[in-house]
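Protein sequence lines correspond, in order, to chains A and B.
Letter 132 of the first sequence, counting from 1, is numbered 145 in this note's numbering, and no numbers are missing.
Letter 182 of the second sequence, counting from 1, is numbered 195 in this note's numbering, and no numbers are missing.
I should point out that these hints are in silico values taken from the structure, not numbers from a laboratory.
Take the hints with a grain of salt, since some may be wrong.
What the hints assert, rightly or not - To spell it out: a stretch of chain B is covered by chain A in this simulated footprint if at least three of its residues, at any positions, have a beta carbon under 8 Å from a beta carbon of chain A; those stretches are:
hint: 1; segment: 27-39
hint: 2; segment: 60-70
hint: 3; segment: 73-81
hint: 4; segment: 172-185
Idealized CB from N, CA, C, for every residue including glycine.
Protein chains: 2
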Amino acid sequence: MQYFPPALERLTEQFARLPGIGHKSAQRLAFFILSQPSEAVDAFASALTDAKRLISLCPVCQNLTEGEGPCAICSSPKRDKSTICVVASPKDVVAIERAREYEGLYHVLHGVISPMNHVGPDDLRIKELLARVSEGGVEEVIMATNPDTEGEATAMYLSRLLKPFQVKVTRLAYGIPVGSNLEYTDDATLMRALEGRREM
Amino acid sequence: MQYFPPALERLTEQFARLPGIGHKSAQRLAFFILSQPSEAVDAFASALTDAKRLISLCPVCQNLTEGEGPCAICSSPKRDKSTICVVASPKDVVAIERAREYEGLYHVLHGVISPMNHVGPDDLRIKELLARVSEGGVEEVIMATNPDTEGEATAMYLSRLLKPFQVKVTRLAYGIPVGSNLEYTDDATLMRALEGRREM
Numbered sequence: 014m015q016y017f018p019p020a021l022e023r024l025t026e027q028f029a030r031l032p033g034i035g036h037k038s039a040q041r042l043a044f045f046i047l048s049q050p051s052e053a054v055d056a057f058a059s060a061l062t063d064a065k066r067l068i069s070l071c072p073v074c075q076n077l078t079e080g081e082g083p084c085a086i087c088s089s090p091k092r093d094k095s096t097i098c099v100v101a102s103p104k105d106v107v108a109i110e111r112a113r114e115y116e117g118l119y120h121v122l123h124g125v126i127s128p129m130n131h132v133g134p135d136d137l138r139i140k141e142l143l144a145r146v147s148e149g150g151v152e153e154v155i156m157a158t159n160p161d162t163e164g165e166a167t168a169m170y171l172s173r174l175l176k177p178f179q180v181k182v183t184r185l186a187y188g189i190p191v192g193s194n195l196e197y198t199d200d201a202t203l204m205r206a207l208e209g210r211r212e213m
Numbered sequence: 014m015q016y017f018p019p020a021l022e023r024l025t026e027q028f029a030r031l032p033g034i035g036h037k038s039a040q041r042l043a044f045f046i047l048s049q050p051s052e053a054v055d056a057f058a059s060a061l062t063d064a065k066r067l068i069s070l071c072p073v074c075q076n077l078t079e080g081e082g083p084c085a086i087c088s089s090p091k092r093d094k095s096t097i098c099v100v101a102s103p104k105d106v107v108a109i110e111r112a113r114e115y116e117g118l119y120h121v122l123h124g125v126i127s128p129m130n131h132v133g134p135d136d137l138r139i140k141e142l143l144a145r146v147s148e149g150g151v152e153e154v155i156m157a158t159n160p161d162t163e164g165e166a167t168a169m170y171l172s173r174l175l176k177p178f179q180v181k182v183t184r185l186a187y188g189i190p191v192g193s194n195l196e197y198t199d200d201a202t203l204m205r206a207l208e209g210r211r212e213m
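Please model the entire structure based on the sequences and the hints provided.
As structure tokens, this is what we get:
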């Protein structure tokens, strides 16, 4: 009985290890790789090893960074070092930076507390956050975890841990998203938007 | 404005070049790679370059093979060299081998004639098939392209090309699939099953 060449099977297995890619898709991707010129395949292979080799976590904010020492945001003299915005993932840093509004620093937890997925406080970069706050100079910590159950729970947990340090702990505002439609806004969001109403 | 580290952006771009993977999925895969141990990432990278470096086409049947010379099927003394089964892709060889019924050789076209996708006869391994048949010793060529419009057209086209060589050209039987249900069988298949009925 003849199967595919072993090198093709190995490549298929590697693709199938990626999340959300089943065996059939993995096989399709492996065939696609064979159809590509050698240079393109080499570029893919070096992008893989480079990403792993070059990218590390910033020793201060735990965000992804290339090279030694603190990341570009932590080492920028323009950023306000008295404010730390706590997010779950590096993607959230990019999202907030895109808004061009925030001038402070970040702290990336790399996850949220989630008993269902066996993620406890010790699996997150919480120690590092407490160390930063205990060093002094921090006036406000903004909890910018997602507005879902796990994000809420993580924000609550952290705000309790931060209480002894006597810093202001805030949470992102809840409300109706800009450009959305009241008719289609869910009850919980409308309730929060009413609670948080402001004088015009 | 701070984006992801350049090495992460490059890896995301590489994933996004794969068929069926958009930018968001590519980013998710790139983050997954960062979360993996170095050895796993190195194994993925070498699977990519190995597949491209080690796999070539069998000079006889054009199927994928590793190493120099004819593939395992073409060089096996157990296979009947007077019969060639013509398929569109290496996946079809694996499917037919799985049935453990066929003892002859194969010829892989690497596609079917498809004017819609700009695939003409010159893009397929047809010259190589004609060369094999013209060398003599071939008694039967079985057309095992898919039973769809393009597969049919390709089989018809090849059978005309093979006419001058005076070999028997056959086509896989059409009929109701084993284990299926008459009630849900489409009209065209039922018609072909009636046409091809055999005495019990």
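Going down the list of hints, with the structure as the test:
1. Taking a C-beta to C-beta cut-off of 8 Å, the segment 27-39 of chain B contributes 6 residues in contact with chain A, enough for the three needed, and the coverage statement holds.
2. A stretch counts as covered by a chain when three or more of its residues have a beta carbon under 8 Å from one of that chain; for the segment 60-70 of chain B and chain A the count is 9, and the coverage holds.
3. Here's how the segment 73-81 of chain B fares: 3 of its residues keep a CB closer than 8 Å to some CB of chain A, so the rule of at least three is met and the hint holds.
4. Using a Cβ-Cβ cut-off of 8 Å, 0 residues of the segment 172-185 of chain B lie near chain A, which falls short of the minimum of three, so the contact claim is violated.
Going down the numbered hints, you'll see the structure goes against just number 4.
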